[in-house]
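Residues per chain are reported as follows:
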Amino acid sequence: MKKVAIVMRKAPYGSVYSAEGYRSIMGLGVFEMDVAVAFVDDGVYVLLKGQNPAKLDMKPLGDGFPMLSDFDVKQFYVHAESLAERGLTADDLVMGVEVLDSAGISAALAGCDVVLPF
Amino acid sequence: MKIGVLIMEGPYQHQAVDSAYHFAKAALARGHEIAGIFLYTDGVNNANKFIRPPGERNVNGMLDELGALGIPVIACSACARFRGLQKDMVSANIRASGLGSLAEFITAADRFVTFGD
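Read top to bottom, the protein sequences are chains A and B.
Note that my numbering gives residue 12 to position 12 of the first sequence, counting from 1, and the numbers run on in steps of one.
Note that my numbering gives residue 32 to position 32 of the second sequence, counting from 1, and the numbers run on in steps of one.
Same shape as in the complex, but just chain A (with noise of 0.2 Å):
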């Protein structure tokens, strides 16, 4: 089974990427796809909670990550040094993660077969 890493650079709202992101963990998922997912630069307030953006007719994207552990996406990945940059704490996440420096998730990077950034 291949390894595949998602990787989440940008913020929830403003484009499509981290959407299209969380759509592909859930659409590779089913295909026997290893799937983990790590959370870059902006893409660290894809998990940041109390995400409201209902006046742009738009669905919280943050609440959907901590139900991909029922389809067996469990391997969650955070930059520390994006979140510190952002004042933002693993405390300030919708779910518990693995908080990596820039060499970890170079390292869980370097371990995944196919690494597909949005």
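Simulated from the structure, these hints should not be mistaken for lab results.
Don't be surprised by glycine CBs; every beta carbon is placed ideally from N, CA and C.
Hints may contain errors.
FRET-style restraints, in silico, Cβ to Cβ [unchecked claim]:
id, chain 1, residue 1, chain 2, residue 2, range
1, A, 15, B, 77, 18 to 24 Å
2, A, 64, B, 87, 27 to 33 Å
3, A, 87, B, 1, 24 to 30 Å
4, B, 28, A, 1, 27 to 33 Å
5, B, 50, A, 64, 34 to 40 Å
6, A, 52, B, 58, 40 to 46 Å
Given the coordinates of chain A, assemble chain B onto it according to the supplied hints.
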């Protein structure tokens, strides 16, 4: 080597499709195989056969040329729906299909390369 390709940006706004085309041609020239090209998000717009740029390269024609070589070129069907791209608008050597095709290319490929923003 078998190489899978993902294109995430649409025609002319971004270089992704051009780079992917030239990458694929160069890889084929070196004796590599392209397992498949998946057009994702705005990338599906490159499948539109009505693209007719006056006096410029035709990015749909470029992808269609790769499809004519027998390389599977697949446009994400859900992304196509989001963008109003209908089946009869897709050029002859490109097909619409789901993320299963992306999974298939990933499985088949030794290396997988994304062209996007």
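Legend entry - Distance restraint evaluation - residue 64(A), residue 87(B), Cβ atoms, bounds 27 to 33 Å: Between residue 64(A) and residue 87(B), where Cβ atoms are some 30 Å apart, the hint holds.
Inset, instruction - Can you let me know if the beta-carbon spacing of residue 52(A) and residue 58(B) is within 40 to 46 Å? - result: 44 Å, holds
Inset, instruction - Could you tell me whether the CB distance from residue 28(B) to residue 1(A) stays inside 27 to 33 Å? - result: About 28 Å separates the Cβ atoms of residue 28(B) and residue 1(A), which means 27 to 33 Å holds.
Inset, instruction - Given the hint of 34 to 40 Å, check if residue 50(B) and residue 64(A) actually sit that far apart at their C-beta atoms. - result: 35 Å, holds
Legend entry - Assessment of proposed distance window 24 to 30 Å (beta carbons of residue 87(A), residue 1(B)): 44 Å Cβ-Cβ, so the 24 to 30 Å window is violated.
Inset, instruction - Note whether the CB distance of residue 15(A) and residue 77(B) lies within 18 to 24 Å or breaks it. - result: With Cβ atoms ~21 Å apart, the hint holds.
Hint compliance for this structure: hint 3 is the single one not met.
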